[in-house]
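Residues 4 to 81, numbered by the numbering used here, are exactly what the sequence shown covers, in order.
Since the hints were made in silico from the structure, they are not lab data. Fair warning: this is a prediction, and the values are worked out from it, not measured in the lab. Careful, some of the hints might be misleading.
Under the rule of at most 30 Å between Cα atoms (straight-line distance), these lysine-lysine pairs were calculated in the DSSO-like manner [claimed, not checked]:
{"no.": "1", "residue 1": "Lys52", "residue 2": "Lys34"}
{"no.": "2", "residue 1": "Lys34", "residue 2": "Lys72"}
{"no.": "3", "residue 1": "Lys11", "residue 2": "Lys72"}
{"no.": "4", "residue 1": "Lys52", "residue 2": "Lys11"}
{"no.": "5", "residue 1": "Lys34", "residue 2": "Lys11"}
What follows is a set of in silico ranges between Cβ atoms, one per label pair, in the way DEER data are often shown [said to hold, decoys possible]:
{"no.": "6", "residue 1": "Trp21", "residue 2": "Leu56", "range": "17 to 23 Å"}
{"no.": "7", "residue 1": "Lys72", "residue 2": "Val43", "range": "31 to 37 Å"}
{"no.": "8", "residue 1": "Tyr29", "residue 2": "Thr69", "range": "27 to 33 Å"}
{"no.": "9", "residue 1": "Asp58", "residue 2": "Asn19", "range": "27 to 33 Å"}
{"no.": "10", "residue 1": "Arg5", "residue 2": "Ala38", "range": "15 to 21 Å"}
{"no.": "11", "residue 1": "Thr55", "residue 2": "Thr30", "range": "25 to 31 Å"}
{"no.": "12", "residue 1": "Asn19", "residue 2": "Glu46", "range": "27 to 33 Å"}
{"no.": "13", "residue 1": "Glu46", "residue 2": "Lys72", "range": "34 to 40 Å"}
{"no.": "14", "residue 1": "His66", "residue 2": "Leu17", "range": "16 to 22 Å"}
{"no.": "15", "residue 1": "Leu9", "residue 2": "Arg65", "range": "17 to 23 Å"}
{"no.": "16", "residue 1": "Ala62", "residue 2": "Glu31", "range": "28 to 34 Å"}
For glycine and all other residues, C-beta sits at the position ideal for the given N, C-alpha and C.
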Amino acid sequence: MRTYDLLKRFETSLANVWPATQSQMYTELSKLADAGMISVSAEGPRGRKEYTLTDEGLAELRHWLTETKPQRNTRSDC
4 MRTYDLLKRF ETSLANVWPA TQSQMYTELS KLADAGMISV SAEGPRGRKE YTLTDEGLAE
64 LRHWLTETKP QRNTRSDC
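My request is simple: use the sequences and hints to build the entire structure.
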């Protein structure tokens, strides 16, 4: 998936939880690639990159979805 496509999908699904900017998206993709969670599967004109989830990234995603408890923020009545 290209960064642009990912950003558009993100805007329609997670923007209410994390309103990420385009620069934040590039930073996070670089971190995920450095950690071996995703890899560049194709490069196009103007440095456009397409990313693919690695086996390690898929395993981590499954772990996060099934075994990580969400953090609940409680509101104070004060």
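Hint numbers not upheld by this structure, sorted from lowest to highest: Hints 11, 16 not satisfied by this model.
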